[in-house]
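Novice: In this note's numbering, the protein residues as written are 198 to 418.
Since the hints were made in silico from the structure, they are not lab data. Hints are not guaranteed to be accurate.
[To be verified] List of simulated lysine to any residue pairs, SDA-like, C-alpha gap at most 25 angstroms: (1) Lys288 to Asp246; (2) Lys382 to Arg418; (3) Lys382 to Ala366; (4) Lys414 to Ile261; (5) Lys288 to Leu228; (6) Lys288 to Arg418; (7) Lys382 to Gln250; (8) Lys414 to Asp363; (9) Lys414 to Glu390; (10) Lys293 to Arg247; (11) Lys382 to Leu317; (12) Lys293 to Ile261; (13) Lys382 to Leu228; (14) Lys414 to Ala357; (15) Lys293 to Asp276; (16) Lys382 to Ser296; (17) Lys414 to Asp344; (18) Lys288 to Leu317.
[Said to hold, decoys possible] Have a look at the derived ranges for each label pair, beta carbon to beta carbon: (19) Asp394 to Asp277: 35 to 43 angstroms; (20) Asp394 to Arg226: 13 to 21 angstroms; (21) Pro329 to Leu243: 16 to 24 angstroms; (22) Gln407 to Val371: 35 to 43 angstroms; (23) Val371 to Thr332: 17 to 25 angstroms; (24) Pro370 to Ser296: 27 to 35 angstroms.
All C-beta atoms in this analysis are idealised placements derived from N, C-alpha and C, irrespective of residue type, glycine included.
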Amino acid sequence: MFEKLKNAFRSSAPVPASGDGLAHWAVDRMLSHHQLANGATVAEGLLLDRPFQAGCAPSSRPYIQGVELMARADLGLRDDVNIIVMHRALKRALEKAASHTYADATAQLRTAHKALPEELVWLSVYRDAGWPGPTPDFWARYCVLTDNLESAREWLYADAIECLGDAPAALRPVTPFLIALTRGKVYLRLQMEAMDDGVVSHHALDTLEQLSARAVKLFGR
198 MFEKLKNAFR
208 SSAPVPASGD
218 GLAHWAVDRM
228 LSHHQLANGA
238 TVAEGLLLDR
248 PFQAGCAPSS
258 RPYIQGVELM
268 ARADLGLRDD
278 VNIIVMHRAL
288 KRALEKAASH
298 TYADATAQLR
308 TAHKALPEEL
318 VWLSVYRDAG
328 WPGPTPDFWA
338 RYCVLTDNLE
348 SAREWLYADA
358 IECLGDAPAA
368 LRPVTPFLIA
378 LTRGKVYLRL
388 QMEAMDDGVV
398 SHHALDTLEQ
408 LSARAVKLFG
418 R
(Lines of atoms letter the chains of each structure in order from A and count residues from 1; the text may use other names and numbers.)
(Lines give C-alpha, C1' and ligand atoms only; values in the text may rest on other atoms or scores of the structure.)
Protein backbone atom coordinates (compact mmCIF):
# COMPACT_ATOMS: atom_id res chain seq x y z
CA MET A 1 0.00 0.00 0.00
CA PHE A 2 2.72 2.47 0.87
CA GLU A 3 4.45 1.99 -2.47
CA LYS A 4 1.35 3.74 -3.84
CA LEU A 5 1.89 6.49 -1.30
CA LYS A 6 5.53 6.88 -2.33
CA ASN A 7 4.49 7.15 -5.97
CA ALA A 8 1.91 9.77 -5.06
CA PHE A 9 4.56 11.76 -3.21
CA ARG A 10 6.67 11.87 -6.35
CA SER A 11 3.85 13.53 -8.26
CA SER A 12 4.44 17.17 -9.08
CA ALA A 13 0.71 17.95 -9.14
CA PRO A 14 -0.38 20.11 -6.20
CA VAL A 15 -2.54 18.46 -3.57
CA PRO A 16 -5.41 20.28 -1.83
CA ALA A 17 -4.67 21.03 1.83
CA SER A 18 -6.30 17.80 2.95
CA GLY A 19 -3.65 16.63 5.38
CA ASP A 20 -4.12 19.16 8.17
CA GLY A 21 -6.36 16.79 10.10
CA LEU A 22 -3.76 14.03 9.85
CA ALA A 23 -1.02 16.40 11.02
CA HIS A 24 -3.00 17.50 14.07
CA TRP A 25 -3.90 13.90 14.92
CA ALA A 26 -0.24 12.90 14.61
CA VAL A 27 0.88 15.68 16.97
CA ASP A 28 -1.59 14.51 19.61
CA ARG A 29 0.05 11.06 19.49
CA MET A 30 3.64 12.29 19.30
CA LEU A 31 4.09 10.93 15.77
CA SER A 32 6.46 12.63 13.37
CA HIS A 33 4.85 14.29 10.38
CA HIS A 34 5.79 16.53 7.51
CA GLN A 35 4.33 18.02 4.37
CA LEU A 36 5.90 17.56 0.97
CA ALA A 37 6.31 20.20 -1.71
CA ASN A 38 3.15 19.09 -3.51
CA GLY A 39 1.07 19.37 -0.33
CA ALA A 40 0.92 15.67 0.53
CA THR A 41 1.21 14.87 4.24
CA VAL A 42 2.90 11.84 5.81
CA ALA A 43 3.00 10.76 9.45
CA GLU A 44 4.85 7.88 11.08
CA GLY A 45 6.08 6.56 14.38
CA LEU A 46 4.77 4.20 17.05
CA LEU A 47 1.08 3.73 17.76
CA LEU A 48 0.28 1.30 20.57
CA ASP A 49 4.07 0.79 20.67
CA ARG A 50 3.98 -0.64 17.16
CA PRO A 51 5.07 0.78 13.79
CA PHE A 52 2.50 3.07 12.21
CA GLN A 53 2.39 5.03 8.96
CA ALA A 54 -0.25 7.30 7.47
CA GLY A 55 -0.47 9.61 4.52
CA CYS A 56 -2.81 11.97 2.73
CA ALA A 57 -2.00 12.06 -0.97
CA PRO A 58 -3.47 11.66 -4.47
CA SER A 59 -5.00 8.22 -4.79
CA SER A 60 -4.03 5.66 -7.41
CA ARG A 61 -6.96 3.37 -6.55
CA PRO A 62 -9.73 3.38 -9.17
CA TYR A 63 -12.46 3.49 -6.53
CA ILE A 64 -11.05 6.54 -4.71
CA GLN A 65 -11.16 9.86 -6.53
CA GLY A 66 -8.86 12.72 -5.68
CA VAL A 67 -7.12 12.60 -2.31
CA GLU A 68 -6.91 9.49 -0.14
CA LEU A 69 -6.24 9.19 3.58
CA MET A 70 -4.44 5.89 4.10
CA ALA A 71 -2.91 4.34 7.18
CA ARG A 72 -1.25 1.11 8.26
CA ALA A 73 -0.70 -0.18 11.79
CA ASP A 74 1.87 -2.99 11.71
CA LEU A 75 0.63 -4.84 14.79
CA GLY A 76 2.42 -8.16 14.38
CA LEU A 77 -0.82 -10.11 14.79
CA ARG A 78 -1.68 -13.64 13.75
CA ASP A 79 -1.92 -13.72 9.98
CA ASP A 80 -4.90 -16.08 9.88
CA VAL A 81 -7.41 -13.38 10.87
CA ASN A 82 -9.05 -11.51 7.99
CA ILE A 83 -11.85 -9.03 8.64
CA ILE A 84 -12.79 -6.09 6.44
CA VAL A 85 -15.44 -3.52 7.38
CA MET A 86 -16.43 -1.13 4.60
CA HIS A 87 -19.24 1.09 3.48
CA ARG A 88 -21.85 -1.04 1.76
CA ALA A 89 -21.98 1.45 -1.11
CA LEU A 90 -18.28 0.77 -1.71
CA LYS A 91 -18.93 -2.97 -1.75
CA ARG A 92 -21.60 -2.50 -4.42
CA ALA A 93 -19.24 -0.35 -6.49
CA LEU A 94 -16.48 -2.97 -6.17
CA GLU A 95 -18.89 -5.75 -7.16
CA LYS A 96 -19.82 -3.80 -10.26
CA ALA A 97 -16.15 -3.29 -11.08
CA ALA A 98 -15.48 -6.97 -10.42
CA SER A 99 -18.05 -8.10 -12.96
CA HIS A 100 -16.27 -6.09 -15.65
CA THR A 101 -12.84 -7.24 -14.49
CA TYR A 102 -13.80 -10.93 -14.52
CA ALA A 103 -15.28 -10.55 -18.00
CA ASP A 104 -12.12 -8.91 -19.30
CA ALA A 105 -9.96 -11.61 -17.70
CA THR A 106 -11.82 -14.59 -19.16
CA ALA A 107 -9.07 -15.22 -21.68
CA GLN A 108 -6.37 -14.88 -19.00
CA LEU A 109 -7.60 -17.23 -16.30
CA ARG A 110 -4.13 -18.38 -15.34
CA THR A 111 -3.01 -14.86 -14.38
CA ALA A 112 -6.35 -13.25 -13.54
CA HIS A 113 -6.07 -13.83 -9.80
CA LYS A 114 -2.68 -12.14 -9.61
CA ALA A 115 -3.97 -9.18 -11.61
CA LEU A 116 -7.03 -8.57 -9.46
CA PRO A 117 -6.91 -5.65 -7.04
CA GLU A 118 -6.83 -6.77 -3.44
CA GLU A 119 -10.30 -5.41 -2.76
CA LEU A 120 -11.81 -7.60 -5.48
CA VAL A 121 -10.02 -10.65 -4.09
CA TRP A 122 -11.63 -9.93 -0.73
CA LEU A 123 -15.06 -9.98 -2.35
CA SER A 124 -14.40 -13.36 -3.90
CA VAL A 125 -12.75 -14.99 -0.87
CA TYR A 126 -14.67 -13.68 2.15
CA ARG A 127 -18.39 -13.74 2.82
CA ASP A 128 -20.56 -10.81 3.77
CA ALA A 129 -21.22 -11.66 7.42
CA GLY A 130 -23.89 -10.39 9.77
CA TRP A 131 -25.11 -11.09 13.29
CA PRO A 132 -27.78 -9.92 15.75
CA GLY A 133 -27.01 -6.88 17.85
CA PRO A 134 -26.02 -4.01 15.56
CA THR A 135 -28.97 -1.93 14.37
CA PRO A 136 -30.51 -2.22 10.89
CA ASP A 137 -29.09 1.24 10.18
CA PHE A 138 -25.59 -0.08 10.89
CA TRP A 139 -26.00 -3.01 8.49
CA ALA A 140 -27.53 -0.72 5.86
CA ARG A 141 -24.40 1.42 5.99
CA TYR A 142 -21.64 -1.17 6.58
CA CYS A 143 -20.76 -4.67 5.49
CA VAL A 144 -18.26 -7.01 7.14
CA LEU A 145 -16.26 -9.43 5.00
CA THR A 146 -14.60 -12.33 6.79
CA ASP A 147 -13.92 -16.06 6.84
CA ASN A 148 -14.35 -16.22 10.63
CA LEU A 149 -17.63 -14.90 11.98
CA GLU A 150 -16.73 -15.33 15.64
CA SER A 151 -13.49 -13.37 15.28
CA ALA A 152 -15.38 -10.61 13.48
CA ARG A 153 -17.96 -10.41 16.26
CA GLU A 154 -15.22 -10.22 18.89
CA TRP A 155 -13.29 -7.54 17.01
CA LEU A 156 -16.33 -5.43 16.20
CA TYR A 157 -17.53 -5.29 19.78
CA ALA A 158 -20.20 -2.90 21.05
CA ASP A 159 -17.91 0.13 21.44
CA ALA A 160 -16.51 -0.33 17.92
CA ILE A 161 -20.00 -0.65 16.45
CA GLU A 162 -21.00 2.53 18.27
CA CYS A 163 -17.91 4.36 17.01
CA LEU A 164 -18.57 3.34 13.41
CA GLY A 165 -22.24 4.25 13.78
CA ASP A 166 -21.38 7.72 15.11
CA ALA A 167 -19.66 8.78 11.90
CA PRO A 168 -19.82 12.56 11.32
CA ALA A 169 -22.32 13.79 8.75
CA ALA A 170 -19.45 14.81 6.47
CA LEU A 171 -18.47 11.13 6.17
CA ARG A 172 -21.31 10.15 3.88
CA PRO A 173 -22.38 6.51 3.46
CA VAL A 174 -21.45 6.73 -0.23
CA THR A 175 -17.89 7.87 0.53
CA PRO A 176 -15.32 5.10 -0.18
CA PHE A 177 -14.17 3.98 3.29
CA LEU A 178 -12.82 0.76 4.72
CA ILE A 179 -10.79 -0.61 7.61
CA ALA A 180 -9.18 -4.00 7.06
CA LEU A 181 -7.52 -6.42 9.45
CA THR A 182 -5.37 -8.73 7.34
CA ARG A 183 -1.77 -10.02 7.17
CA GLY A 184 -1.35 -9.15 10.86
CA LYS A 185 -1.91 -5.43 10.20
CA VAL A 186 -4.80 -2.98 10.26
CA TYR A 187 -5.31 -0.71 7.24
CA LEU A 188 -7.41 2.40 6.60
CA ARG A 189 -8.49 3.66 3.19
CA LEU A 190 -10.70 6.74 2.93
CA GLN A 191 -11.60 9.18 0.17
CA MET A 192 -11.23 12.77 1.33
CA GLU A 193 -14.06 14.63 -0.36
CA ALA A 194 -13.42 18.14 0.92
CA MET A 195 -10.93 20.33 2.74
CA ASP A 196 -10.11 18.43 5.92
CA ASP A 197 -10.85 20.31 9.12
CA GLY A 198 -10.15 17.15 11.10
CA VAL A 199 -13.76 16.07 11.60
CA VAL A 200 -13.68 13.20 9.11
CA SER A 201 -10.00 12.26 9.32
CA HIS A 202 -9.94 12.29 13.12
CA HIS A 203 -13.00 10.05 13.29
CA ALA A 204 -11.49 7.59 10.81
CA LEU A 205 -8.09 7.55 12.50
CA ASP A 206 -9.63 7.28 15.98
CA THR A 207 -11.66 4.30 14.77
CA LEU A 208 -8.52 2.72 13.33
CA GLU A 209 -6.72 3.24 16.64
CA GLN A 210 -9.59 1.75 18.64
CA LEU A 211 -9.84 -1.29 16.38
CA SER A 212 -6.06 -1.72 16.41
CA ALA A 213 -6.03 -1.82 20.21
CA ARG A 214 -8.83 -4.37 20.17
CA ALA A 215 -6.98 -6.48 17.59
CA VAL A 216 -3.80 -6.51 19.70
CA LYS A 217 -5.81 -7.75 22.67
CA LEU A 218 -7.60 -10.48 20.72
CA PHE A 219 -5.21 -11.64 18.02
CA GLY A 220 -1.67 -11.07 19.28
CA ARG A 221 0.85 -13.80 18.61
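Novice: Could you run down the list of hints and mark each one as holding or not?
Specialist: Hint-by-hint comparison with the structure:
no. : hint                                 : in the structure
1   : Lys288 to Asp246                     : violated, 32 angstroms
2   : Lys382 to Arg418                     : holds, 12 angstroms
3   : Lys382 to Ala366                     : violated, 28 angstroms
4   : Lys414 to Ile261                     : violated, 31 angstroms
5   : Lys288 to Leu228                     : violated, 32 angstroms
6   : Lys288 to Arg418                     : violated, 30 angstroms
7   : Lys382 to Gln250                     : holds, 11 angstroms
8   : Lys414 to Asp363                     : holds, 23 angstroms
9   : Lys414 to Glu390                     : violated, 33 angstroms
10  : Lys293 to Arg247                     : violated, 36 angstroms
11  : Lys382 to Leu317                     : holds, 19 angstroms
12  : Lys293 to Ile261                     : holds, 15 angstroms
13  : Lys382 to Leu228                     : holds, 18 angstroms
14  : Lys414 to Ala357                     : holds, 14 angstroms
15  : Lys293 to Asp276                     : violated, 29 angstroms
16  : Lys382 to Ser296                     : violated, 28 angstroms
17  : Lys414 to Asp344                     : holds, 20 angstroms
18  : Lys288 to Leu317                     : holds, 9 angstroms
19  : Asp394 to Asp277: 35 to 43 angstroms : holds, 39 angstroms
20  : Asp394 to Arg226: 13 to 21 angstroms : holds, 19 angstroms
21  : Pro329 to Leu243: 16 to 24 angstroms : violated, 37 angstroms
22  : Gln407 to Val371: 35 to 43 angstroms : violated, 23 angstroms
23  : Val371 to Thr332: 17 to 25 angstroms : holds, 19 angstroms
24  : Pro370 to Ser296: 27 to 35 angstroms : violated, 22 angstroms
Checked against the numbered hints listed earlier, the structure breaks hints 1, 3, 4, 5, 6, 9, 10, 15, 16, 21, 22, 24; every other hint is satisfied.
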